[in-house]
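**Student:** Below are the chains, spelled out letter by letter.
Number of protein chains: 2
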Amino acid sequence: MSRKQLNIGLFGFGCVGLGLYEVLQKSPALRANIRNICVRDKDKPRTIGAENFTFDKNDILNDESINVVVELIDDADAAFEIVSAALRKGKAVVSANKKMVAEHFTELLELQREYNVPLLYEAAACASMPIIRNLEEYYDNDLLESIEGIVNGSTNYILTKTFSENLSYADALKQAQDLGFAESNPILDTGGFDAKYKLLILLAHAFGYIATPADLFNIGIDNIGELELKYAKEKGFKIKLVAQAYKAADGSLSAFVIPKFVTPDDRLYNVDDVFNGVITKTSFADTHFFVGRGAGAYPTASAVLSDISALSYEYKYEYKKIYREEDVRLTNEAELKVLLRHRREDAELFKLHFSTVEEAYTNHDSGYITGNITLQSLKALQEKHSGEISFILINVVTETEKAAAAQVVSA
Amino acid sequence: MSRKQLNIGLFGFGCVGLGLYEVLQKSPALRANIRNICVRDKDKPRTIGAENFTFDKNDILNDESINVVVELIDDADAAFEIVSAALRKGKAVVSANKKMVAEHFTELLELQREYNVPLLYEAAACASMPIIRNLEEYYDNDLLESIEGIVNGSTNYILTKTFSENLSYADALKQAQDLGFAESNPILDTGGFDAKYKLLILLAHAFGYIATPADLFNIGIDNIGELELKYAKEKGFKIKLVAQAYKAADGSLSAFVIPKFVTPDDRLYNVDDVFNGVITKTSFADTHFFVGRGAGAYPTASAVLSDISALSYEYKYEYKKIYREEDVRLTNEAELKVLLRHRREDAELFKLHFSTVEEAYTNHDSGYITGNITLQSLKALQEKHSGEISFILINVVTETEKAAAAQVVSA
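Chains as they are written, first to last, in my numbering: chain Z, 155 to 565; chain A, 155 to 565.
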């Protein structure tokens, strides 16, 4: 199988763009060269000569010798404009922009179909980890039951520092930003939005379900307080921001992003710092576990490189599960065992929303409840009391546990 | 992309064959049905009706309606006969037989090319883990530096029991056999041969190098003695049977199977029981880590199912790295830091073979040496003194460490 010659038009030359430039230098077997680089800022000093750059996107979009556009810019709206224009021009596209892919999933699918050009975005899910490719190719069957993972490197870095070095949340965030692991606007990371965009992408490739960002519920790490940290430390748990999606026996899907207490026997327990870790569970193979760096210029650039390499062999996502057109629906009926931390005076109020209460604790100003609650009630409470409360997932209540609990209540 | 209808002729109906039969029942979206099953033993009672079986391989090989042969028998020679006959008949083949694939790699490659039919064998490498597919598709570039892993479930089970439950080697082996994790002839597993066959397959897909089993060096776990176990336990290490292959700066490859002391900060430390774990390292993405069940009927059947599913979309291995025809050679010059356990009287003799000796210990009847030794010397000692000695890898000596040690010696 011979490789296609790739002439790349690159948008963005931040740390990932520069990383890609360097990685390509070390990949002579890949017949790919960067023809032109489009950047915004005319005055920024750059490590390679000015002759490599343009400030006009049309210099790339209208250049017929360029057959691949690599989009590595921050701004999701500008990115969508570039990506959709490139697809319309019949150029293959590689993007690392999860927000852009998540917000425009259906449109991007349509554009790929209409213009018969591939769009690859492995770097948008877990930086260097080949998770989309595996969901697309290897778990292409009816047997996938769930996918769960740490998919955001910056929050994992912050949480790791909070636990291992007893740093305050603010200091850990500052450190992550200084190291380039967290965006300048940290709310995308710390609020769980970045993880949600990735979950949306994984959901499409894992189960063939296209959600909108508004369909998926996310709680971030910015409300985690001392009480939850203390609870975790006393019990030997860690707290990780976990994105998960799973299929119930009736075929309905649950999907959300929430901080979770992780026990030492959980594979995710040892996924620290900027690493990402994803666990897939299938009916017969039990679990698979993937770990890789979830942030950083080179890991991201290296996933972009793998996509470029795949393009040279004319690889494209088939979106087989989406086109299988089974009736898949998203539900809020999942029951979760959680810890809810609240103000002392709200204890009785919040208990009413739990289907079962296991523990209740209060001190002079705050308290927590552990027990089972539906995703629907949790969402409603989070919307109404955001800022005053914090939820940490203990575990998803299985259907067997739910049935057993119902029996106890009715008995 | 529409799916091809697959009519399967199955060879072998042991636990993996039966597992596949059951997994296929739960995969209606996969348009695959088992047309005929060829088994050897006429008198063995089976869980499904006699009308499903034949005892004549030609009933499958000559059946033109069958377009896929799935080979799941124990005997590697008989398996090769079936697989090569099926390929010659233009039938796609899925096999889980690592010994067969490893022993006939070049011939199987030729047959695939000559008859233009695919042969897939994901289940031959690490049972359910999609490692071949990832090496083939995702690490398709010049940047892969090394691959290292626990690739044999039975020995990992035995070693885990030896450490966690203080079982004797014989008891742990017996338990593994009773649970169906170890073959009836355990030497293939415990001698490191099974791991070597897998390493050979990984080497071809990772670096495009086709070795013969004789080219690759393997030490198993059957000579591990009390002294090494005590050494590991005192230091908080575990011993794992590790297969590894890595590329030096000059492009030469080192590849071998050897028991290794694994420290708690090593990802492989928590890969216990029948799980397999593989770490890939690339120049830019740092490491990726894959974990999954490395033995058992369902995990193996589920990898076979993924191959069958891939065939329905006309997937085949491209063997891109092999056809790239770079000049890759295997070297024995790698330097390893090891522990050598020996009889008390042999201490001085063995020291001479080490390039540097770090520790030396003896008690009333035995002793150990730790230090650096070349793979070549290690092989020579192992051949000559097999049974009297045991080697445990501490770590591969990097080129920087080698250079530093050489300076000390010459100073």
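Hints may be right or wrong, so weigh each one.
One copy or any two copies: either way a pair holds, since identical chains are not told apart in the list.
Here are the simulated EDC-like pairs of lysine to aspartate or glutamate, each with C-alpha atoms no more than 16 Å apart in a straight line [unchecked claim]: (1) K158 <-> E472; (2) K384 <-> D195; (3) K211 <-> E513; (4) K243 <-> E218; (5) K401 <-> D229.
Think of the hints as simulated: they come from the structure by calculation, not from any bench.
**Student:** Against each hint, give a clear statement of whether it holds in the structure.
**Tutor:** We went through each hint and held it up to the structure:
| no. | hint | result |
| --- | --- | --- |
| 1 | K158 <-> E472 | between (20 Å within a copy, 15 Å between copies) |
| 2 | K384 <-> D195 | neither (46 Å within a copy, 62 Å between copies) |
| 3 | K211 <-> E513 | neither (59 Å within a copy, 64 Å between copies) |
| 4 | K243 <-> E218 | within (9 Å within a copy, 45 Å between copies) |
| 5 | K401 <-> D229 | neither (33 Å within a copy, 39 Å between copies) |
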